Amino acid sequence: MSVDKGKKSINRLDSMRPLRAKVNETYLKSLEAIQAGKPAVWGMLNFYYGDPILKAMDIEVVYPENYGAIAAAMGVAQQYLDRADADGFPTHLCGYSLTTLGYASRMMRELDGQIPPEAPLGGMPRPLFLMSSAAVCDARYKWFQSLGRYMDAPVWTLEAPSPGVNEFFIDGNYDRMVDMGVKHLKDFVSFVEGMVGRKMDWDKLDSTANLMIEVNRVWHEVNELRKAKPCPMHSRDFWSAMPAALFLAGDLEDSLNLYRDMCREVKDRVDSHTGAIPEEKYRLVFAELPPWHSLNFFDKLAERGWNFVIESFGYRPPIPIDLSGIADPLERITRFNLQFFAGYYEDARKQNVLGGAFAYPYLKYAREWKCDGALLHPLISCRSASTHLPYVSDMLMEELQVPSLSIEGDIVDLRLFDPEDALARAEPFEETMRYYKKMREQKGLDW
Amino acid sequence: MADDCEGLGKARQIYSDRSLRARELKAEGRRIIGYPCVYVPIEMLTALGLIPYRSCGDIREPVTEADRALPGSFCPIMRNCLDCALKSKDDFLDGVVAIHSSDPQEKTARVWQSYTDYPYFHFIDMPVTVRPEAVEYFRGQLDDLKKTLEAFSGKALTESKLEEAIESHNRQRSLVRQLHELTKPSPPLISGTELIQVVKALMSLPVAEGNDLLAEVMSEVKNRTDGPTRKGARLLTWGSTLDSIEIMQVFEANSNVVMDESCGGIRAYRAEVQNSADPLEGLASYYLKEITCARTFRQAELGESRKDYARDLQSRFGYLKGIIREWQVSGVIMLLVRYCDPFAFEMPSLKDYLDSLGVPSTYIEYDYTLGALAPLRTRVEAFLETIS
Amino acid sequence: MYYAGVDIGSTMTKVVVIDGSDDLLSVIKGPTGPEHRQLANQAMAQALEQASLQIDDIAFIVATGYGRINVPFADLQMTELSCHARGVSILFPDARTAIDIGGQDAKCMKISSGRLVNFVMNDKCAAGTGRFLEVTAAALGINLEEMGDLSLRATERVEISSLCTVFAQQEVVALLSRGEKLENIVAGIHSALAGRISTLARRLAIEPRVVLTGGGAKNTGMVEAMKEKLGCAISVPEEPLITGAIGAAVLGKEICLKTADEHGTPPAKPRRLERATFFKEEYP
Numbered sequence: 001m002s003v004d005k006g007k008k009s010i011n012r013l014d015s016m017r018p019l020r021a022k023v024n025e026t027y028l029k030s031l032e033a034i035q036a037g038k039p040a041v042w043g044m045l046n047f048y049y050g051d052p053i054l055k056a057m058d059i060e061v062v063y064p065e066n067y068g069a070i071a072a073a074m075g076v077a078q079q080y081l082d083r084a085d086a087d088g089f090p091t092h093l094c095g096y097s098l099t100t101l102g103y104a105s106r107m108m109r110e111l112d113g114q115i116p117p118e119a120p121l122g123g124m125p126r127p128l129f130l131m132s133s134a135a136v137c138d139a140r141y142k143w144f145q146s147l148g149r150y151m152d153a154p155v156w157t158l159e160a161p162s163p164g165v166n167e168f169f170i171d172g173n174y175d176r177m178v179d180m181g182v183k184h185l186k187d188f189v190s191f192v193e194g195m196v197g198r199k200m201d202w203d204k205l206d207s208t209a210n211l212m213i214e215v216n217r218v219w220h221e222v223n224e225l226r227k228a229k230p231c232p233m234h235s236r237d238f239w240s241a242m243p244a245a246l247f248l249a250g251d252l253e254d255s256l257n258l259y260r261d262m263c264r265e266v267k268d269r270v271d272s273h274t275g276a277i278p279e280e281k282y283r284l285v286f287a288e289l290p291p292w293h294s295l296n297f298f299d300k301l302a303e304r305g306w307n308f309v310i311e312s313f314g315y316r317p318p319i320p321i322d323l324s325g326i327a328d329p330l331e332r333i334t335r336f337n338l339q340f341f342a343g344y345y346e347d348a349r350k351q352n353v354l355g356g357a358f359a360y361p362y363l364k365y366a367r368e369w370k371c372d373g374a375l376l377h378p379l380i381s382c383r384s385a386s387t388h389l390p391y392v393s394d395m396l397m398e399e400l401q402v403p404s405l406s407i408e409g410d411i412v413d414l415r416l417f418d419p420e421d422a423l424a425r426a427e428p429f430e431e432t433m434r435y436y437k438k439m440r441e442q443k444g445l446d447w
Numbered sequence: 001m002a003d004d005c006e007g008l009g010k011a012r013q014i015y016s017d018r019s020l021r022a023r024e025l026k027a028e029g030r031r032i033i034g035y036p037c038v039y040v041p042i043e044m045l046t047a048l049g050l051i052p053y054r055s056c057g058d059i060r061e062p063v064t065e066a067d068r069a070l071p072g073s074f075c076p077i078m079r080n081c082l083d084c085a086l087k088s089k090d091d092f093l094d095g096v097v098a099i100h101s102s103d104p105q106e107k108t109a110r111v112w113q114s115y116t117d118y119p120y121f122h123f124i125d126m127p128v129t130v131r132p133e134a135v136e137y138f139r140g141q142l143d144d145l146k147k148t149l150e151a152f153s154g155k156a157l158t159e160s161k162l163e164e165a166i167e168s169h170n171r172q173r174s175l176v177r178q179l180h181e182l183t184k185p186s187p188p189l190i191s192g193t194e195l196i197q198v199v200k201a202l203m204s205l206p207v208a209e210g211n212d213l214l215a216e217v218m219s220e221v222k223n224r225t226d227g228p229t230r231k232g233a234r235l236l237t238w239g240s241t242l243d244s245i246e247i248m249q250v251f252e253a254n255s256n257v258v259m260d261e262s263c264g265g266i267r268a269y270r271a272e273v274q275n276s277a278d279p280l281e282g283l284a285s286y287y288l289k290e291i292t293c294a295r296t297f298r299q300a301e302l303g304e305s306r307k308d309y310a311r312d313l314q315s316r317f318g319y320l321k322g323i324i325r326e327w328q329v330s331g332v333i334m335l336l337v338r339y340c341d342p343f344a345f346e347m348p349s350l351k352d353y354l355d356s357l358g359v360p361s362t363y364i365e366y367d368y369t370l371g372a373l374a375p376l377r378t379r380v381e382a383f384l385e386t387i388s
Numbered sequence: 001m002y003y004a005g006v007d008i009g010s011t012m013t014k015v016v017v018i019d020g021s022d023d024l025l026s027v028i029k030g031p032t033g034p035e036h037r038q039l040a041n042q043a044m045a046q047a048l049e050q051a052s053l054q055i056d057d058i059a060f061i062v063a064t065g066y067g068r069i070n071v072p073f074a075d076l077q078m079t080e081l082s083c084h085a086r087g088v089s090i091l092f093p094d095a096r097t098a099i100d101i102g103g104q105d106a107k108c109m110k111i112s113s114g115r116l117v118n119f120v121m122n123d124k125c126a127a128g129t130g131r132f133l134e135v136t137a138a139a140l141g142i143n144l145e146e147m148g149d150l151s152l153r154a155t156e157r158v159e160i161s162s163l164c165t166v167f168a169q170q171e172v173v174a175l176l177s178r179g180e181k182l183e184n185i186v187a188g189i190h191s192a193l194a195g196r197i198s199t200l201a202r203r204l205a206i207e208p209r210v211v212l213t214g215g216g217a218k219n220t221g222m223v224e225a226m227k228e229k230l231g232c233a234i235s236v237p238e239e240p241l242i243t244g245a246i247g248a249a250v251l252g253k254e255i256c257l258k259t260a261d262e263h264g265t266p267p268a269k270p271r272r273l274e275r276a277t278f279f280k281e282e283y284p
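Protein chains in written order, with the working numbering: chain A, 1 to 447; chain B, 1 to 388; chain C, 1 to 284.
Excised from the complex, chain A in its bound form:
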């Protein structure tokens, strides 16, 4: 079991680098623009719904969810957590929200609106307004509402319908979802126009929407190519390259070219049977949020032959959908946003998997990307990224004889994730994966 420590264990894509760099570039450009007086908005991941509006209106968006992860990784979250605790916010709440609430309290109550000097990477400036989203969990929109305690800035909560699998197919339901989505977005546009004192450039919105859809279509194609054996691209590359598609970071034309480059590179690897790791012994699916602060943990697993071939439903591009016949950009955006989870409902209903939007996709991933095991990462203070995991584990075992390994952590209390302990469990889990591979053969499954 000797390991060549000199070799890099994960063969990263060259085309990943400019996409990863884009995130930093965009962030710094944004910071410059804000320092030069451009208004900033605090936003939240909204799955292609509110972001294109702000992008088309050339508004700088700062994402406290991401900033929470940065603060945690740089070891400065604790002071903000303590402050939020002192301000009366119960400690079981989402670590990102507590970090930002503590940050806002410090910025507004102690520093009269100035960015705290100790804040890493330039901090987050005082926003003009807050754009939150009801998607995924309660905490997300209640958190932004709580920020109103410190900041005199209105909050817009973007609606995010989430019907049950069966209920989705009731006659007329989908059209009503689109209807609400379009009306809601229209009102949001008016709200933004009022806040910034400018009108929406509808042509720009039209092209922004198209670019956003096309970027994600190409990005989706890249990920489909990962079904190949050996898998040409590791999860680490997915996480590094995704922000441009998920958050619409930076110039969209540029992003489109970069994803096209990535598509070419991945196709080349497929043709030449080049894997993302030297020896692919096990193919894994990862759920849900990665341990951002300890990603080299995956390198250690790669040395053992673990290739991560697909991951994180919450970050994935929607299944492509043809929206060329829709004239109204607001409707195109709404349908694309709904497609994020609705794209799976047909299959989920056929398979009778009712466990909610976040659960069914993992069945599809394990089957189509031919996974030997699932690595689950429940996070103690992020319930929305964790509550589906027991269900996923159960579902994968029952339907596909695919076993899961669960390793706990947290989004801001990084001490809870113990890489050594996690690695100690890798060997016994390999035995488990080998055993269930035999079980799958007996059941007639082909991987």
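Some hints could be false.
Unchecked claim - Derived DEER-like restraints, expressed as beta-carbon distance ranges:
(1) C:180 / A:421: 47 to 57 Å
(2) A:435 / B:68: 14 to 24 Å
(3) B:58 / A:204: 54 to 64 Å
(4) B:60 / C:179: 43 to 53 Å
(5) B:315 / C:161: 36 to 46 Å
Unchecked claim - Restricting the straight-line Cα-Cα distance to at most 27 Å, the calculated cross-link-like pairs of lysine-lysine (BS3-like) are:
(6) B:26 / B:147
(7) A:183 / B:289
(8) A:183 / B:146
(9) C:258 / B:231
(10) B:289 / A:186
(11) B:146 / A:350
(12) B:146 / B:289
(13) A:350 / B:147
(14) B:147 / A:183
(15) B:351 / C:124
(16) B:161 / B:26
It is worth saying that the hints were derived from the structure and are not from the lab.
Since this is a predicted model, take the numbers as computed values, not measurements.
Ideal Cβ positions, reconstructed from N, Cα and C, are used throughout, including at glycine.
Mind docking chains B and C on chain A? Use the hints.
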């Protein structure tokens, strides 16, 4: 002393063996539909002759089965509720209507549906804001519910039946409000503990029987000589749901709880469904806008100055001002169950509002187990000592 | 007139008798043990003897602490939060914050005009109570009493990262076997506990004077660690274990005098200094 089969005695009896009446009705051929949240428009069930039955957890029941599908760090009330369902404690139910009020409600509903096999299950999606398009969408959701209910019951849900059901449930709301007028005197004529028993009984009976029970309770309470003793502090309790007398008794050992702002108390009864040409629209509007639960996003109209926060607080919590004044509330306990996100975020803002009114308040976190009662007791007693 | 306070804590039972000027006439401390019901009357009897008084000489008795329900001869029960706050104010009239570090819980109290006005407590997680010191001391093979002095001899502080008392046991042993100095580890233990208690206390907007009580206050290492984490001076009473009993007695006196003012002095209440039993007894 009242006859045990009437009024408060009857409420007590029903509280201790909730499903008795539902089982009787089932044996008579009626169909019983469970609902885990007061946001479910049960008028629609009543209108089709289905009996609504509130699904609850049981604080005395240790959770064992729910571990299969729900993690430990999850709303203990819904976890317990699911646990009871998985243990078939509600095996008389013909179906369940769940709703997207909070994450735990949504996640529990999915698991519930996946792991059990009722003849009927429907999940209502609910938006988080009260904007016009949100109300319209919610009305559409209720229309979808109507479709599946009609298919299940084999009957048409006509407007007139629905209007009749709405009237019946509105009458219940009105009666409950009237009953709460009887906690205004000092000492109140009915205790917080008794009110929990009454409300739980209402949620276990068909609406007409509940209304009869309320009439009995009202006349008994108005004429009683054995009411609660005056205890000094008059408390308002605020929280998600408070449906266990064990918890209420901790509060009432040394105080009078004159108003319980929770889903085991006044919350589902404070307002009325308005008459509307389109009764589904009336229901959608009532449920989305009038239920004062922290899960709904409300914000004051955009203002122009730094006083926005105060105005925002007024728009979100202003309804408490009148209650505090009229019921002469001397202290507020904000009761937070562990892992509850909407109420946890809401709490500091509510405290700010109560501070602005000069009303002492305290925040107490608890777990939905009997072991949580002792720490709860110390904190409640200490709070009462600070305001005495 | 004389008044008494009985504080039945999870580890220690304390009884004090005071006179009308709040002067201490007797102080009794003893381990609570499982039969705290029995001990209360014994401790009371000892206190009376020390003060050369009879039970009927005591005008008012307040019971507090976790076992307060089982003091049948008490006139009133009050929480240890109110009693500690009052007791601390008697000893330090300018006290605004009191922090009690006990074996099984930690309490932070905000004081205004000599009374409790707000509080937070931790009785859920052992890592934020004196238990953390007990368990880690045992794991390191040293006496709890030595911990404080040891920590003050540290040359540097080793950080203890485990959040859970049980895991911390393993961690401190591992640190020791890795060659870390014992006193440095012990300093780290104190620092970790002080950090958790300070975070709890900060929910109350700490104001000086800050007073530390309870078993934790007898630990000099703990006092220093708390000073550092809170960033302010800390006062410690000479007898940190009896503030609850003192507060209970004084509160009893104040209630008794107030009642006498308003309604006249009540007739002496016949009181029997007996064991608590589960059977109700009728007094004549």
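Results of checking the hints against the structure:
1. C:180 / A:421: 47 to 57 Å: violated, 21 Å
2. A:435 / B:68: 14 to 24 Å: For residue 68 of chain B against residue 435 of chain A, whose Cβ atoms are near 22 Å apart, the range 14 to 24 Å holds.
3. B:58 / A:204: 54 to 64 Å: holds, 57 Å
4. B:60 / C:179: 43 to 53 Å: Once the Cβ atoms are compared, 52 Å apart, the range 43 to 53 Å for residue 179 of chain C and residue 60 of chain B holds.
5. B:315 / C:161: 36 to 46 Å: For residue 161 of chain C against residue 315 of chain B, whose Cβ atoms are near 45 Å apart, the range 36 to 46 Å holds.
6. B:26 / B:147: Holds - the C-alpha atoms of residue 147 of chain B and residue 26 of chain B are around 23 Å apart, at most 27 Å.
7. A:183 / B:289: holds, 19 Å
8. A:183 / B:146: Roughly 24 Å between the alpha carbons, so the hint for residue 183 of chain A and residue 146 of chain B holds.
9. C:258 / B:231: holds, 18 Å
10. B:289 / A:186: This hinted pair holds, its Cα atoms lying about 22 Å apart.
11. B:146 / A:350: Status holds; Cα separation ~24 Å.
12. B:146 / B:289: holds, 20 Å
13. A:350 / B:147: This hinted pair holds, its Cα atoms lying about 21 Å apart.
14. B:147 / A:183: holds, 25 Å
15. B:351 / C:124: Given pair residue 351 of chain B, residue 124 of chain C holds - Cα atoms ~24 Å apart, limit 27 Å.
16. B:161 / B:26: The hint holds at about 22 Å.
This entry does not satisfy hint 1, going by the numbered hints stated previously; all others are met.
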